[in-house]
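Engineer: Those sequence lines, one after another, are chains A and B. For what it's worth, numbering that gives the first Met the number 0 labels the leading residue of the first sequence as 0, then goes sequentially. For what it's worth, numbering that gives the first Met the number 0 labels the leading residue of the second sequence as 0, then goes sequentially.
Keep in mind that the hints were calculated from the coordinates and are not lab data. Be aware that a few hints might be false.
In silico DSS-like pairs for lysine-lysine, Cα to Cα no more than 25 Å straight-line [to be verified]:
| no. | chain 1 | residue 1 | chain 2 | residue 2 |
| --- | --- | --- | --- | --- |
| 1 | A | LYS364 | A | LYS128 |
| 2 | A | LYS276 | A | LYS93 |
| 3 | B | LYS93 | B | LYS276 |
| 4 | A | LYS223 | B | LYS30 |
| 5 | A | LYS325 | B | LYS93 |
| 6 | B | LYS223 | A | LYS30 |
| 7 | B | LYS325 | A | LYS223 |
| 8 | B | LYS276 | A | LYS325 |
| 9 | B | LYS128 | A | LYS128 |
| 10 | A | LYS54 | A | LYS159 |
| 11 | B | LYS223 | A | LYS325 |
| 12 | B | LYS243 | A | LYS276 |
| 13 | A | LYS159 | B | LYS30 |
| 14 | A | LYS276 | B | LYS223 |
| 15 | B | LYS30 | A | LYS243 |
| 16 | B | LYS128 | B | LYS243 |
| 17 | B | LYS159 | A | LYS30 |
| 18 | A | LYS276 | A | LYS223 |
| 19 | B | LYS159 | B | LYS128 |
| 20 | B | LYS30 | B | LYS276 |
Covered stretches of chain B (chain A as the covering partner; in silico rule of three or more C-beta atoms under 8 Å from a C-beta of chain A) [said to hold, decoys possible]:
| no. | region |
| --- | --- |
| 21 | 44–55 |
| 22 | 105–114 |
| 23 | 293–307 |
Virtual Cβ for every residue (Gly too), placed ideally from N, Cα, C.
Protein chains: 2
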Amino acid sequence: MSNPLPHTPLRLGIAGLGTVGASVINILHGKADVLAAELGRVITVAAVCAREPGKDRGLDLGNAFWFADPVEMAQSSEIDVFVELMGGAGNPAKAAVEAALNAGKSVITANKALLAAHGQSLAALAESKNVALLYEASAAGGIPVIKILREALAGNAVTKVSGILNGTCNYMLTRMEIENLDFATCLSEAQRLGYAEADPTADIGGFDTANKIAILTSLAFGTKIDVDAIYIEGIASITSLDIKMTDELGYRIKLLGVAERTPAGIEQRVHPTMVPKTSPLAQVMGVTNAVTIDADAVGQLTLIGPGAGGDATASAVIGDIAEVAKGLTGPVFRLPSTQLERAPRAAMQRHEGGYYVRLNVHDKKGAFAAIAARMAQMNISLESILQKGNKNTTKGTGLAIVSVPVILITHATTEAAIREALENISSDGVLDGSPQVIRIERG
Amino acid sequence: MSNPLPHTPLRLGIAGLGTVGASVINILHGKADVLAAELGRVITVAAVCAREPGKDRGLDLGNAFWFADPVEMAQSSEIDVFVELMGGAGNPAKAAVEAALNAGKSVITANKALLAAHGQSLAALAESKNVALLYEASAAGGIPVIKILREALAGNAVTKVSGILNGTCNYMLTRMEIENLDFATCLSEAQRLGYAEADPTADIGGFDTANKIAILTSLAFGTKIDVDAIYIEGIASITSLDIKMTDELGYRIKLLGVAERTPAGIEQRVHPTMVPKTSPLAQVMGVTNAVTIDADAVGQLTLIGPGAGGDATASAVIGDIAEVAKGLTGPVFRLPSTQLERAPRAAMQRHEGGYYVRLNVHDKKGAFAAIAARMAQMNISLESILQKGNKNTTKGTGLAIVSVPVILITHATTEAAIREALENISSDGVLDGSPQVIRIERG
């Protein structure tokens, strides 16, 4: 085959030698021959940069140059491509990526926080320099969802992207369901086993998912990244009763990131979501990630795979390296950054859908009638009402208030209507504690 | 953004104006502006070719040239890319694709039969001319599995590809399960509703799946296409009893195409398969397709989506058009065709796995003992034995032979051992009719 590609090696500079960096280096080493055959050129690790340069990582680094400063490596004439695996929205990652792009070098990054915060300006810089900025590993780990959104769906108008994008949360929700654990016990367990960090806020608070959905939204809808427009709710309020009731209703609770085109604009939201057990996303258990894309031509695609892990993330990074080796450049977020729209932001109050509402209702006469009246007042129609037999006894208040959990499932309504109805119900004094609200995605 | 791509339009010649061709034209028309923005150039339908040129298809064909002969269109200076949507392994599709490649034009095809039969020589021709030969729509319809195998998994050694690649078969198996239909009734229903062809052989006999698995095998393992090496078994022997028993055992029957690297070589096989209900493939119901890829770095990826339909297939074709518009060429089957191996073919007799065996056993003394002895003789160990209460009465033989269905589930063994054990059991005269054998994939 005649090959138009340069037969010079493609020289990588890899910043960050943690789990992913080590996997990238090991795979490139082990697959050198087949990669050269596929890509028409040799890939070399020409330089590396890590916080502890001396440390023995058991890596075969050959004659790679060591840099202490990633910015210096990014600008070095020893490398063609800067691979950023350090993480973090700010410096040194940001400065190093900018330095590499300014030096006319393509950049590959796994850094969702950096892209969510600065993707727009980095894309403009890459496009102005006519180099690639690729980031397959930044969302959904080993699942090539970014390639699919950017390349495979060229003929499609995407209407919705929804995904399980955080393995820690899905692992916890799975264990809570299977072992009937409460949230706190499950979190301790996850931390003990290394599935949750000592500070789990980014994961369980939904912020990691939000960074990923910010990136996918831009790709899916041709809009400027707008992480501030995302409604974010984590999983800490989910109780084992919620999981049990959801199960009985034929649903499962997943922390979803959702980006959806609605008449009110682009909705971006991260929250625990009830999905029908028959849906592909409901089947995804444990640390596995999954993304469902709805688009006008293709219909619905679902992609399931590992969301984290050294080798799986390295698989995505090496897919990007292959793209750069083939000489590809092009718009970073599907459309040229100058043409990305500032999308109309859909206010969460305008979100429409079904709702699961769990109330602890004082066991007194007229309480149910009051609740039903408040729902009817907001034109919310109820699909079902479930009352659990077990009564709650609120302790430590001096007074033993007895309440019963009541679960309401609504037909489609708006977030604003639900919020107002629940405020009214609370002000009626019929509730013990705050209502639990979980949104339902029926398809 | 500075753009290195030519600003001249990319002129398509589309051969075949059936459902897919019409969808491609309509989508290109409706999405012209966004495609131009994404790709940096305008896509035009410069020429078309169809069997009935005069027919009103309700398509906006603008100033497209009409050709009666696809070979003539393939060579025409009016087009840059030949889009082959005619189908069929032989001429005119083959001659037209060859003519286009010989004329230095890239080719996009949805034609699995053509690729399974002639993919090797067509790839060599495309590579020698340094043009693209793309075929995303040829397997799994709208699911971009070919792009993923060719591009995204560069850092991976694939170990197995298994998929539900024929919507007709999956639709039938789904209805047989849900409505407790027998095969013949279900087939008539599927034909009446347009889900099965008047001659359903290609679908229900597994031949369509075989063409697709031939293509995926080459991409996954870097091997020459070898459709003759595929073991093919269709779904016509599946009974409602098999489906019921499988369900009770926690499995579901799917017609899978499987390509797998084994110590004995590359196994390529198409057959009804019992998959655990908890596996992603088991969840896929109706006409939907799905592919699971196992690979060393990424682990396991599963892709679910539409396997057929005008717009879904057009989505794949337009993804390929986008690749050509970006100026991509490269190896057709992941590796240059000169480097594709003639893979060692694993004989089906050496296949290893669990088996479901359903026997109609004469209701006479010693029959069970004889069966158990024959299995033990071949070192086949049984995981479970189920005997259904209902007795069969074979009619029309003059003699009313009474038999009982017995289901054996084996631990892992070989195809050769199962076949020999069943021959021995048959020769013992304890069976009524032929044994039913269904392979089990446990992961």
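Engineer: Take the hints in turn and mark each one as holding or not.
Structural biologist: Hints and how they fare:
no. : hint                  : result
1   : LYS364/A <-> LYS128/A : 71 Å, violated
2   : LYS276/A <-> LYS93/A  : 41 Å, violated
3   : LYS93/B <-> LYS276/B  : 41 Å, violated
4   : LYS223/A <-> LYS30/B  : 20 Å, holds
5   : LYS325/A <-> LYS93/B  : 29 Å, violated
6   : LYS223/B <-> LYS30/A  : 20 Å, holds
7   : LYS325/B <-> LYS223/A : 23 Å, holds
8   : LYS276/B <-> LYS325/A : 41 Å, violated
9   : LYS128/B <-> LYS128/A : 31 Å, violated
10  : LYS54/A <-> LYS159/A  : 45 Å, violated
11  : LYS223/B <-> LYS325/A : 23 Å, holds
12  : LYS243/B <-> LYS276/A : 22 Å, holds
13  : LYS159/A <-> LYS30/B  : 18 Å, holds
14  : LYS276/A <-> LYS223/B : 41 Å, violated
15  : LYS30/B <-> LYS243/A  : 46 Å, violated
16  : LYS128/B <-> LYS243/B : 54 Å, violated
17  : LYS159/B <-> LYS30/A  : 18 Å, holds
18  : LYS276/A <-> LYS223/A : 34 Å, violated
19  : LYS159/B <-> LYS128/B : 32 Å, violated
20  : LYS30/B <-> LYS276/B  : 40 Å, violated
21  : 44–55                 : violated (count 0)
22  : 105–114               : violated (count 0)
23  : 293–307               : holds (count 12)
The structure fails to meet hints 1, 2, 3, 5, 8, 9, 10, 14, 15, 16, 18, 19, 20, 21 and 22 from the earlier list, while all remaining hints are met.
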